[in-house]
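Here's the letter readout for the chains.
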Amino acid sequence: MPFFPLANTSKSSGYCTLHNYPPNNWEPIEQCQKFVWAMYSDGKNWITKNLGQLGIGESKTYNYSDIYQGGDEIAQPLILLQFRRTPLAKQLSVLPDHEFTYNKIPEWRSTVGFSLNDAQTSYQGEINPFPPKASLLTFHPFIQYFEVNNYFLFLNVEKSPVFREEEIEIYEGNSKKFVDSIKIKNNSASLIPLDAYHFSADQLPVFVCRSMAGIPFGLAVSQNKRMLSLEHTHPPASFAVHGERFKVQGEIKRQWFNILNAEE
Amino acid sequence: MKEHLKQFLKKNIPARLLELFSYKAVSITKIPVDDAVISDLFVLRVEDGWETYFECLQFDSLLNPKGEVGPQTVIFCFYNKGGQFITERELTLSKEIKNTINVNELVKDLSLKEDGLFAIFHPQKHHWISQHDSFLAERGYIGYANTRIGPIKGFVHGNLDAIARSDTGKSDQLLGNYSFFKKKYRLQHILEPWNKYELYFVNPTSKKQRFTIVKQSNQKEDKTVISLPPMGLYKYVKTVDKKEDITKIIIESKLYLARPVVFKIMPSSFDVFHG
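Heads up: the protein sequence lines correspond to chains X and G, in order.
Note that the numbering used here numbers the first sequence so that position 13 is 13, with each residue one more than the last.
Note that the numbering used here numbers the second sequence so that position 27 is 1027, with each residue one more than the last.
Calculated directly from the structure, the hints in this document are not laboratory data.
Predicted model only: the values in this text are computed from it and were never measured.
Honestly, I wouldn't trust all of these hints.
[Unchecked claim] In silico DSS-like pairs for lysine-lysine, Cα to Cα no more than 27 Å straight-line:
no.	chain 1	residue 1	chain 2	residue 2
1	G	Lys1066	G	Lys1095
2	G	Lys1220	X	Lys34
3	G	Lys1248	X	Lys34
4	G	Lys1182	G	Lys1248
5	X	Lys247	G	Lys1066
If we strip away everything but chain X, and leave its shape as in the complex, we get (with noise of 0.2 Å):
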């Protein structure tokens, strides 16, 4: 059951457009009016905010800046919209249940974007909270050449409040050499320049985080502050279909996981 996320970074403002009709007509879905919440942690509390009702049919922006002022450079925290049926109190210590039933085939998703100057990316997404024992890996193929500064994007979303700092580790796919070891922020979305380990074009950034997991995106801004480019990237199981893809996804982790060292 998804939450919508609503995501910012100090080189793009966020915004996350709702849309209060399911995806398909073949899954019962019940379609009703809805409220809208806002929440996002203080590091000690989830605060939340009602943005009012969207009705049968109907789409609607939130931009970022209009629900949370703040953030620093690399990590701001990560705003969830859910729908909801029944009101929530000004603070919470957990996330709250869903309260509604989502299509499956695919995903009941949002507009999840962002905007500079004229220029706007999106991908179709909702964001579940992590369970925080979870671990990441990810392959990176998004580097980008000439007039384009590269970053690579982590959501992270967890069901307590409370904040904490994780190393995410960066390797080189080819050598498996360890590049650099950065902080990510739970409940947050982190943003890590990668221009300045200057990967070749056949180099492959390999991204390592032991006790964090999350969505990672590469995300692109050209020089001119004209164009944006985002795109999530897969998680291992997505490098096989049908059968057990998870315990394929497991398998190829604790390769890489015992083969990537930071120490070495």
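Model the placement of chain G on the given structure of chain X, informed by the hints.
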């Protein structure tokens, strides 16, 4: 046991029959023969100054990071809008884990004038993933660029898992399932004034499919009806002018998931994403 039973049913009974028992039994794609490798059907853009790149990752390295990696051969297959096979190109990759392929360059000699589709087949080796009843699948990433618009590539991955190739199969197998009944897919994205949208539809099934593309704006509906052969491609173009209200797209077809690849062309930039 339950998983094996599900796998058996999915493999042996058409999805549209299983659907008669429960919509929850629907499977978007077929399970191919055991030794198959799977590819998406990716959109090849050549018209209007577009370039198509493919970020090719060495699956051997990804699946066996401790092993020695040698040169790897992958096969690019090209199809025209009508779903007809054009050509196949065998490409030996360097031993590097990532190779960026300019796909337009691969077929430069054919002077293609129209957009089409391509698939990428990795070697049909016996990977350890088959122990888990899984199949190797190439789902991208594809990078699109247009220097007339600007310097950035827009990336998108495939999500059709459309076609399988095997040593034992006589020919490539299209994996898309479809229903007995008409389905609606509602794009959960609004089309905004001033932008031009190009939506690419692919038929990943083995049967000709009829698509009705419904555009809703200003309380009006415009319908475009197309018939796509297997592996066929259709580009739906819509420029939203300033007088139009929020515009929505609904696709009616017998596909369970008729998701297009969407190009959003803004006055000085573009974006690409899948529905």
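Comparing the hints with the structure gives:
no.: 1; hint: Lys1066/G x Lys1095/G; in the structure: holds (14 Å)
no.: 2; hint: Lys1220/G x Lys34/X; in the structure: holds (25 Å)
no.: 3; hint: Lys1248/G x Lys34/X; in the structure: holds (20 Å)
no.: 4; hint: Lys1182/G x Lys1248/G; in the structure: holds (19 Å)
no.: 5; hint: Lys247/X x Lys1066/G; in the structure: holds (19 Å)
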